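Construct the entire structure; sequences and hints are all you get.
Respectively, the protein sequence lines represent chains C and R. The numbering of the first sequence is our numbering, which starts it at 1 and goes up by one. The numbering of the second sequence is our numbering, which starts it at 267 and goes up by one.
In case anyone wonders, no lab produced these hints; they're calculated from the structure. This list has only true hints and no planted wrong ones.
The list that follows gives simulated cross-link-like pairs (lysine-lysine, DSSO-like), each with its CA atoms no further than 30 Å apart:
1) R:Lys276 / C:Lys86
2) R:Lys273 / C:Lys143
3) C:Lys91 / R:Lys276
4) R:Lys273 / C:Lys91
5) C:Lys86 / C:Lys143
Note that this is a predicted model, so its numbers are computed, not measured.
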Amino acid sequence: MSNGQNHSTGLAAGLSQMLEGARDSAKGSYVIRAVGVRKVYKMGESETHALRGVTLDVRRGEYMSIMGPSGSGKSTFFNMIGGLDKPTAGKVYIDQVDIAQLDPYELAWLRCRKVGYIFQMFNLIQVMSCLENVMLPMSFAGKDSEEARERALEILELVGLGDRALHKPAEMSGGQQQRVAIARALANTPDILLADEPTGNLDLKTGEEIIELFSHLRKTLGVTIITATHDLKMLKASDRIVWIEDGSLARISTPEEANIHLEEVH
Amino acid sequence: MEQNIGKQIKLPFRRALQISLRGIRIRFGRSLVTVSGVVLGIAFLMSNLTGQLIKQAIAKERAQRDTVNMMLSLVRAEVGSVTGKKIAVAVCGTLNDTDRLLLEEIAAAAPESLRGLGVEAPGVTPVPVERLGEGASLLLILGSGARSEIPLANLAAGMSQRVALDSVEGRVYAGNEEANVRREPFFGRESDEQIQKARQQARAERFRTIWIVVISLLVTVLGVANALLMSVTERFREIGTMKCLGALSAFIRTLFLIESSLIGLAGSLVGVVLGALLPLIAYSFAYRFGLVFGSMPYGTLFMAAAGAVVVGTLLAVLAAIYPARFASRMVPASALRSTV
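Next comes the structure, spelled out in structure tokens:
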């Protein structure tokens, strides 16, 4: 939608500047590396093997989608590469750091600055205004509130909600809420945007706007985007599609190849 | 390899307080329910304390009045009605409240004169020792001081009728002779057995009250804990989100502890006011308004109120320990769950 593009251009330049500093410190070509990742959940006596050894590299600046039926271990893998969960065996490196070695303080630091999370249900803090929602990760990062405020307004401008900064999430449409959530995810200039079914709760048109915004952010900010999604449009926009089935990596395909598979399913 | 990971800093308390306060304000309805639980518990505790203070104060006032009445009846037994008589009062040491009350009663009965030695009380005319006994039909010896300092004969010189009443030693000296006639003390002395029985009863009563109060406070703690647990499960997505955004477990814990202590403080303050006012009003209907409010030791009442507020706040924090731990251990991935 035109609205989605107008707002994005102006701020992008400023944001990419801000991001550069963060990116300089870690110049590896892979932003995430998963090596033989296994995850076993113990429920009393029985063991569930959610992941049976997944190896995958995510390139810096890539737009990657993860597909898989429910119960395939997709969510587990998704959590793992987002630093939300630790593998039972194998290694996950985020920006060349083995997350299994991190203590809770370092993990919190990583979640705060390296990864931006976007949720299907938006997960905005309902008691806070949009501005405060965007400022929250910055205050967790210890940023002084005046600076955080300015920056939060800038990012909100970038996602096209500069005039809605003081509204409460409940007063906004789903698409607007997801934009606020994206702004919040970008607050600490992360290297990775991790989005779990970001268009799952949006109508088609709004979903497209969000996909457009993602593509735009990736181009202008060079941020790596990983989504778990079933949205065809979302899959088409991505560079690679990773299929997880029964706890293993089934195949990696391009959107063109994926189309064939999807048409088979439907 | 360069170090590209840091440690997350702890947030200032002020920030947690801000977020907590906002949470309470927005979830005002729910908070109010939790608060009212604390209000009830603390009001019950406070009403028990206040009731006890009122009963004590009334009992003290009554005992005083009984003593005064007994002394008055003793006076009447010796000299008949005080009205139109000359009364002399000698004080050793200082007067206590009972003595003052007795003097007031006598002055109110309109004697011809009320002369006093070493007394400063309304209605009492101070006179030197030689003139104290002059034509008096009754000599009252009051005060807590030693009796040996004032020889009875000196004080009683010139009395028309020689009756002296000693408020402390409970003796009546009468007749024209110097002979001291020992009478029964003013206060009927109860037997040791009776006293012991009364004490036992009082102890059992106190124990029962403490038991009920403790139970009610436990119920309050469980109520608050339950409400907070509900609040945690209700907010698990919010908590998970905060963790995804970089919140430390300690921050989440602080958030809930602050919320609970604020709930406890607010509930205790309201509870204390209710718990103090209700018994005061109820007893005022049962007794006289002035008696209840006049005899109340307000300093002690205030101390009891402060204690109840501290107890209420501490209990609320105690109730929050488990829910706060529960919340802080929530994994950040719980934010991703789409079903609530």
